[in-house]
Amino acid sequence: MHNSAPSTTQADSPFRYRLALEGISKAYPGIRANDDIHMNVAQGEIHAVLGENGAGKSTLMKIIYGLVRPDAGRISWEGRRVDITSPAQARALGIGMVFQHFSLFETLTVQENIALALPGRHRPALLAERIMEVSEHYGLPVDPRRHVHDLSVGERQRVEIVRCLLQSPRLLIMDEPTSVLTPQAVERLFDTLRQLSAEGCSILYISHKLDEIRDLCHHATVLRGGRVSGHCIPSEETPQSMARLMIGRALPVCEHDEQTPGDVRLRLAGLSHASDEPFGTDLKDLHLEVRAGEIVGIAGVSGNGQQALLRVLSGETPLAEKHPVQICGIEAGRFSPARRRRLGLCLVPEERLGRGAVPGLSLTDNAILTAAREQGLVFGGLLRKGRAERFAQRCIEAFNVKCAGPSAQARSLSGGNLQKFIMAREILQSPALLICSQPTWGVDVGAASFIRQSLIGLRNAGTAILVISEELEELFEISDRIVVMAKGRLSPARKPGETSMEEIGVWMSGLWSDDASAAEGGNA
Amino acid sequence: MDANLLTSVLFATVVAGTPLIIVALGLLVSERAGVLNLGAEGMMAMGAVVAFAVTYTSGNPWFGALAGMAAGAGMSLIFGVLAITLQANQVASGLALSIFGVGLSAFVGKPFEAVALQAVPAVRIPYIADIPVIGEALYNQQLMVYFSWALFWAVLWFLARSRTGLLLRAVGESPASAHAIGYRVQAIRYLAVLFGGAMAGLGGAFLSVFHTPMWVEGLVAGRGWIALALVVFATWRPFRVMLGAYLFGGVMITQLFIQGSGLQIDFPAQFLSSLPYWATIIVLVLISRNVQSIRLNSPASLGKPYRPDD
Amino acid sequence: MPEFPLKLERRPQASGLMRVLSPLLAVILTLVSGLIIFSALGKDPIEAFRLFFLTPFRDAYSIGELFLKAAPLMLCATGLAIGFRANVWNIGAEGQFILGAIGASGVALYFQDVDSRWILPAMLLGGAAAGAAWGAFPALLKTRFNANEILVSLMLVYIAQLLVSWLVFGPWRDPDGFNFPQTAMFHDAALLPTLIEGTRLNAGFPLALLVLLAAYVFMHHSYPGFRMKVAGEAAQAARYAGFSANRTIWTGLLCGGAAAGLAGFSEVAGPMGQLTDKVSLGYGFAAIIVAFVGRLHAVGILFASLLMALLYLGGEQAQQYMNLPSSISMVFQGLLLFFLLGSDVFIHYRLRLRAARHGS
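Protein chains in written order, with the numbering used here: chain W, 1 to 524; chain C, 1 to 310; chain P, 1 to 360.
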């Protein structure tokens with residue numbers, strides 16, 4: 001194995017660009033994912049690929065990494081035309097990829113995971129040594145003998161990166177790497193990337209986070225609707241100008257004025273629950289109150305118990321005792337999801353297809369899914385399909401859902417539109433308490449802004465709203481109070497105006513002091 | 001208790017457990033790659049009838065065994081095409097294979113029903129076989145029995161130590177991740193399924209050629225299904241498969257035990273014959289109650305078709 | 001290594017056309033295979049075709065036999081379909097059928113010398129209840145202990161076969177029956193009335209149609225049926241919506257068991273008129289195929305059970321007149337299911353030529 005730091009400099013290299021794309025196009029049935037893309041990446045350059053969800057960034061990266069073949073266009077690698085037919089070939093060329101959704105195997109150790117990604121056989125002892133060497137060098141310490149399921153999300157990402165680095169890549173593709181990191185961890189990652197860049201490795205940085213791109217990247221290519229809408233130098237741009245390239249108009253701003261909260265609609269009173277997933281997070285002594293007419297946001301990197309909490313709140317995981325969860329004053333810990341809905345609870349889960357909606361059923365049927373009782377869509381055990389269709393139509397119109405009508409299958413809608421439909425379905429039931437998880441994840445900017453505004457509107461109408469989200473900016477924009485969830489515990493609550501992203505970032509590692517809660521109002 | 005009786009009981013237990021071991025180990029490999037093949041009964045039946053037919057016509061039981069393996073692998077290929085390439089529902093495809101295989105075996109085996117084969121002699125391992133009680137039971141057996149032990153060690157080593165075994169386990173846990181790294185998930189699953197099929201065919205061949213050298217419709221009598229239950233019972237670990245197989249073998253020959261021990265218990269024959277099936281149910285219940293253990297040990301992608309994007 | 005020139009590509013919307021065409025395609029492919037198999041066996045394929053598929057229609061009696069055979073298949077398949085739609089895999093219909101036959105026979109034998117019009121309804125209830133009880137077993141074990149219902153219900157099939165064998169060789173054996181494994185013949189009051197003179201078609205067929213109709217309303221127009229459909233399509237969504245998974249499992253297995261039990265009742269109260277150890281000819285397993293070929297839909301099941309009855313009768317004809325073993329019908333049944341599973345793929349996917357390489 002050779003040294004991981006290539007020694008050629010810009011001056012004496014025989015080629016101009018490490019990677020050059022010309023006219024790359026790729027179409028899927030019904031959509032042109034990439035349309036005539038051109039992009040150049042120099043040695044040692046950190047190049048951002050910017051665009052909102054659905055703009056074609058993932059497809060482009062899959063083409064570069066050999067997972068997908070383009071319909072047209074040329075790829076040049078270090079001056080030579082290449083045809084990248086598989087990830088193995090991409091790796092052989094010197095391209096490494098760190099995926100957004102990690103491709104790690106939980107039941108195997110770090111070392112076994114890395115061994116699978118490396119070509120040829122390796123003596124285990126030598127490999128372990130190499131892993132520790134490389135990980136130390138780049139400030140990403142990992143222990144080769146640990147099983148992946150034991151690792152935190154941040155540690156797993158380190159394994160993904162080290163796995164790439166062991167093959168001495170000359171181009172590293174990072175796909176939305178910071179969505180799972182605390183602000184402090186993001187800084188450490190950036191240090192590593194800058195070090196790599198200084199050593200001559202080029203980096204393709206995929207993201208939609210404008211501040212990070214301005215902080216880190218030398219150049220940026222902006223994608224919109226599958227086409228290149230512009231190239232720019234991030235440090236010379238403002239977030240507004242980059243946003244304009246990304247979405248074609250200015251970033252919408254949320255309207256959010258003060259409200260006086262009413263009665264307590266949700267109370268968590270010492271909620272504790274041991275996880276029943278093999279590698280899950282336990283919930284430890286949670287206290288929280290959400291009142292009518294307020295939005296409480298739970299911040300935190302995924303994997304800290306949010307999924308478990310949501311299942312306990314929805315009733316999918318019933319508790320042994322009834323008092324830790326109180327909905328509208330009633331002790332509901334043992335209630336089934338159906339009974340909780342009767343109390344006025346509505347829920348928008350993180351997964352749309354498969355949980356929030358049934359992919360193979362029509363929107364009408366999906367409306368029956370949760371609104372059957374509340375909207376009177378069932379009588380005498382039989383379905384009232386006419387009423388269901390009319391309700392579905394109302395949802396479509398209220399939230400401007402782009403679809404072929406109430407009879408369209410849920411899976412034919414785009415992510416953003418399906419999320420709008422699900423939101424509409426829940427909001428139109430006039431819930432007393434609404435719980436949402438990741439409400440705008442994977443949704444385009446226009447729909448995201450609409451959803452946020454709708455949540456504020458609902459809160460103004462008197463509903464109590466609990467939002468669990470990984471997007472700190474979103475929570476700061478819409479919440480009246482923010483708490484942080486880390487390692488199964490909840491921090492004290494803060495108003496957005498009384499804290500900062502840095503403080504919340506620190507708290508996301510679990511480092512808050514509990515005596516701060518005594519002074520703060522709004523907690524049980 | 002009579003030492004002779006104990007020896008014969010042990011002997012019969014080993015024999016009864018052997019086809020279960022072979023079939024279950026094959027299914028285990030297939031399931032560790034994430035593919036659930038419910039067609040075991042059909043593959044065993046076809047393996048049994050083909051092995052019998054080939055042995056009868058060629059006079060060589062080893063040709064028969066190989067033919068049985070080929071028949072089982074061939075059947076599993078049908079399943080593979082349906083479940084892996086065409087991504088049809090794995091449960092339905094496996095069921096179809098079982099129904100088809102059992103029916104086809106009855107059809108193909110009609111001409112062989114009244115026919116007898118020469119028994120295959122046992123292989124006696126000297127010195128060891130002379131150990132009282134267990135020696136005779138364990139070391140004066142058919143070659144296939146020793147093969148089943150060798151198979152156990154081979155599968156154990158393969159899964160725990162070899163790189164291909166590592167890859168198989170990875171595919172079983174997350175085919176999407178394996179694909180993202182660049183491995184050919186479909187090819188690996190096909191190989192796993194074919195291995196499972198070959199072993200199922202071999203297990204069937206053991207029944208018809210080496211055990212009771214004859215063929216009747218219904219010879220397999222649910223052993224394919226029991227093998228499937230065995231894999232769950234063993235939480236996908238080879239050693240527990242061995243253990244379970246011999247336990248089941250023991251249950252299956254309870255009749256022999258009761259008769260030979262001279263106990264005057266008046267159980268109807270059908271009740272005794274139904275014991276292995278009751279045992280399967282009980283064992284399934286015992287192991288499945290521990291939901292955590294199942295979730296921890298079962299291959300995460302088991303039974304789910306893998307759809308590559310492109 | 002060259003890539004396969006065709007590839008499967010997901011359709012943006014499931015093809016309604018293929019949903020209907022797929023079973024027809026499967027039937028045609030099975031027929032074609034049949035012709036090939038017959039030729040390969042050295043039998044005249046046209047003659048075999050005629051024997052298999054046309055002779056059952058030659059007179060009223062034969063048509064009566066067709067409907068007579070279709071009735072238990074329809075009953076079992078209807079019960080199975082309710083469960084399959086919800087991902088409840090009841091594979092033990094064969095065993096539940098046998099238990100239904102046992103239950104009905106038990107009532108008939110108990111009231112052996114009584115002549116009353118309440119006997120038949122009592123037998124019907126007995127059969128349905130016994131079948132449902134046999135289906136309750138896997139339901140209980142699945143909901144309480146998470147035991148796989150496929151394996152449990154299947155084991156119960158073998159146990160049921162042994163049970164009926166014990167009964168007819170032992171305690172229920174007809175003392176005047178020359179030691180054959182069968183019970184005494186039932187009293188006339190315990191037999192289903194014949195519908196059409198000159199045939200053996202009895203009230204079992206209208207019973208099956210009634211059950212089919214009830215199932216149709218349940219599956220497509222009722223809220224419990226909707227809940228089960230969701231449970232089958234997306235288990236997580238069902239949990240999210242608050243649909244009880246346990247209730248789904250119980251409903252699926254009890255309906256399947258009761259329906260199969262009714263089928264068992266109709267068999268012993270029909271032409272058989274007694275309980276023997278050959279009471280089931282694999283109806284429970286054939287019903288699985290009927291359910292799939294019928295698309296888990298009431299109308300489809302109606303036609304599919306007639307088709308399957310045809311295959312059964314054809315097998316009997318082949319055995320009688322062409323010296324082929326009756327298990328040939330099982331071969332056809334299996335082939336039909338294979339082809340169906342294969343054709344079903346094209347509901348959600350279509351074949352495309354791989355795009356030629358550009359930009360060389």
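The set of hints was computed from the structure by calculation and includes no laboratory data.
We put the beta carbon where it would ideally sit given N, CA and C, even for glycine.
Don't take each hint at face value.
The calculated BS3-like cross-link candidates involving lysine-lysine, where the alpha carbons are at most 25 Å apart (straight line), are [said to hold, decoys possible]:
1) W/Lys495 / W/Lys209
2) C/Lys304 / P/Lys43
3) C/Lys110 / P/Lys7
4) P/Lys43 / C/Lys110
Pair ranges (Cβ atoms, derived) [stated by the list, open to error]:
5) W/Asp282 / C/Lys304: 42 to 52 Å
6) P/Arg11 / C/Ala154: 28 to 38 Å
7) W/Arg339 / C/Lys304: 40 to 50 Å
8) W/His149 / C/Leu143: 41 to 51 Å
9) W/Ala404 / C/Lys304: 23 to 33 Å
10) P/Arg11 / W/Glu129: 42 to 52 Å
11) W/Lys284 / P/Ser15: 16 to 26 Å
12) C/Ala3 / W/Glu129: 55 to 65 Å
13) C/Tyr127 / W/Pro124: 36 to 46 Å
14) C/Ala154 / W/His147: 23 to 33 Å
15) W/Val82 / C/Gly59: 22 to 32 Å
16) P/Arg11 / C/Val291: 52 to 62 Å
17) W/His38 / P/Arg247: 30 to 40 Å
18) C/Leu191 / W/His147: 44 to 54 Å
Now the hints, each set against the structure:
1. For the hint linking lysine 495 of chain W to lysine 209 of chain W, the alpha-carbon distance of about 23 Å falls within 25 Å, and the restraint holds.
2. Between lysine 304 of chain C and lysine 43 of chain P, the direct Cα distance comes to roughly 42 Å. Violation of the 25 Å bound is thereby established for this hinted pair.
3. Pair hint lysine 110 of chain C plus lysine 7 of chain P does not hold up; C-alpha atoms about 41 Å apart against a cutoff of 25 Å.
4. Under the criterion of a C-alpha separation no larger than 25 Å, the hint pairing lysine 43 of chain P with lysine 110 of chain C is consistent with the structure, at around 17 Å.
5. At about 28 Å, the beta-carbon gap between aspartate 282 of chain W and lysine 304 of chain C misses the expected band of 42 to 52 Å.
6. Judged by the Cβ atoms, the range 28 to 38 Å given for arginine 11 of chain P and alanine 154 of chain C is violated: they are separated by roughly 44 Å.
7. Judged by the Cβ atoms, the range 40 to 50 Å given for arginine 339 of chain W and lysine 304 of chain C is violated: they are separated by roughly 32 Å.
8. Histidine 149 of chain W and leucine 143 of chain C have their C-beta atoms about 42 Å apart, which keeps the hinted 41 to 51 Å range intact.
9. Distance hint check: the CB atoms of alanine 404 of chain W and lysine 304 of chain C are about 29 Å apart, consistent with the given range 23 to 33 Å.
10. Hint check: arginine 11 of chain P to glutamate 129 of chain W, Cβ distance near 51 Å, so the stated range 42 to 52 Å holds.
11. In this structure the supplied range 16 to 26 Å is violated for lysine 284 of chain W paired with serine 15 of chain P, their Cβ-Cβ distance being about 51 Å.
12. Checking the proposed 55 to 65 Å range against alanine 3 of chain C and glutamate 129 of chain W shows it holds: the Cβ atoms sit about 57 Å from each other.
13. Taking the beta carbon of each, tyrosine 127 of chain C and proline 124 of chain W are about 39 Å apart, inside 36 to 46 Å as hinted.
14. Here the CB-CB span from alanine 154 of chain C to histidine 147 of chain W is close to 26 Å, well matched to the stated 23 to 33 Å.
15. Range check, valine 82 of chain W to glycine 59 of chain C: about 60 Å between beta-carbon atoms, so the 22 to 32 Å window is missed.
16. Here the CB-CB span from arginine 11 of chain P to valine 291 of chain C is close to 37 Å, at odds with the stated 52 to 62 Å.
17. Range check, histidine 38 of chain W to arginine 247 of chain P: about 58 Å between beta-carbon atoms, so the 30 to 40 Å window is missed.
18. Remark: the range hint 44 to 54 Å for leucine 191 of chain C to histidine 147 of chain W is contradicted by a beta-carbon distance near 26 Å.
Violated hints, in rising order: 2, 3, 5, 6, 7, 11, 15, 16, 17 and 18; the structure is consistent with all others.
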